[in-house]
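Number of protein chains: 2
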Amino acid sequence: MNLFGSIEAGGTKFLCAVGNEKNQIITSEVIPTTTYEQTIKQVNHFFSVNKVSSIAIGSFGPIDNNKNSDKYGYILNTPKQGWSNVDLVFPIQKELDIPVFFTTDVNSSAYGEMHLNSCDNLIYYTIGTGIGGSVIQNGQFVGGVGHLEMGHQMVKKHPLDQDFNGVCPFHHDCLEGLASGPSIEARTGIKGENITSDSYVWDVQAFYIAQAIFNATLIIRPKMIILGGGVMYQDHMLGRVKAHFKLLMNNYITIENLDEYIKTPSIENNCSATIGNFLLAQKLLS
Amino acid sequence: MNLFGSIEAGGTKFLCAVGNEKNQIITSEVIPTTTYEQTIKQVNHFFSVNKVSSIAIGSFGPIDNNKNSDKYGYILNTPKQGWSNVDLVFPIQKELDIPVFFTTDVNSSAYGEMHLNSCDNLIYYTIGTGIGGSVIQNGQFVGGVGHLEMGHQMVKKHPLDQDFNGVCPFHHDCLEGLASGPSIEARTGIKGENITSDSYVWDVQAFYIAQAIFNATLIIRPKMIILGGGVMYQDHMLGRVKAHFKLLMNNYITIENLDEYIKTPSIENNCSATIGNFLLAQKLLS
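Chain order of the listed sequences is A and B. The numbering of the first sequence is the working numbering, which starts it at 314 and goes up by one. The numbering of the second sequence is the working numbering, which starts it at 314 and goes up by one.
Simulated from the structure, these hints should not be mistaken for laboratory data.
Straight-line alpha carbon distances no greater than 30 Å define the calculated DSSO-like cross-link-like pairs of lysine-lysine that follow:
id, chain 1, residue 1, chain 2, residue 2
1, A, LYS596, B, LYS380
2, B, LYS555, A, LYS384
3, B, LYS555, A, LYS380
4, B, LYS380, A, LYS555
5, A, LYS354, A, LYS407
Looking at chain A on its own, in the form it has when it is part of the complex (with noise of 0.2 Å):
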């Protein structure tokens, strides 16, 4: 029976699983992201022990995964000390001497959700430090030249915010410069943790998460988006995105099943990366 690997790879952590052909973890390490040298010797040594016919990485970004360019597998320009301008899938594919798919760690969720739903045209989109997407249709990810971006659309201004300036370093009020965790203690000074359910910058980021919903709909007419990352983990979150959806959307489109059209992931700890790198790993066999 053939085993394969996942490997998220995180600012902070990475998370290596071996899985089974039912997408059941056998075995997982969590090792911390110290140096880039270190860190991949330790990837290298759990995959040395734990044995696999074939791993996919679901790595924070930016990374290059255009099979086509010299910096293929590398993690690009990154504000992570050290890990700017680093090859992530050669020194992991050389050392095992398995085949390797690279791809981000939104990606690596969209992919686990699609299995997970029996959807093969959906979104995916993490609200936490950042914001990132990823787009299946008909079971491939959406991506010409490089992975999605969508954290940075831009979206429209909320009356009650008028005056912030947004925390994107290059695009100021952009969707991620408005909406993502930094946003809110950037905007009020206390810490989201620490708002309660009732203040207003709650509606304020519900209304630029279901401007990004709204125009996913749009460009991509997905048949279900999937809202993960730690601001969505607010219980009265999703209730509020769906309410401002339905507002911008006017009944220009029909959404038969809203409840079924915007969800939270289907498994809590970003498990749907796992699982999609399992299904990634296994896809570079067949």
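Once you have looked at the hints, place chain B on chain A.
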């Protein structure tokens, strides 16, 4: 040698054409859009005289192009009197007894431009009386559950345009509400063709169109974006749009050659739709 049919179904005219395997137009006829029954009768008469092996229709919308739908082949709710909820495909397919491909007018144009630019990852926008768009990824139209409605995405307001409400009956100040042809006259009281090229209005329009390209760049990552439609016929517009796009992007994603990335259509008078239809009709037989 097979011949192929193209029908560009518009609100004022139906352009019927016959092409050969080299996409050369053999003959064509402009049929005014009168009543539904009379227009279909004239279309069928044209193709009964000028025989073809298959036909592609690129239609004004909204349409139902979901093959699993009861209303597949229909024009849906349109402001065009007498044309709401009419079946465009069946009466043609039945009378001529040949395969018929049914899509949006912008999809036909995008497909023609894909061929003319040898580029299978592109976006086509038409900016005229309305705003529509098409996305092609690896030679396939993007659109999970129906055709795209990219014209209605939300955009950030231009500082000089804060008091303008927009002309979209559904969303007021969405992209179409702020940047379509009719928005120009609604904003100024003057028809677009009578506004000098140094008016601030063009810069406002370009700002919105640039946002549409910016969002599409982040959400799709295409190789190329083609801008068609009446508003883009103004010679100075393309340059303005590129300038705003550069400002918005702020080097977040590097576009190697902006002049190759943002372009107007390869051939004039919307002939890319005819070529797109010939190719889509050919594909039905392959």
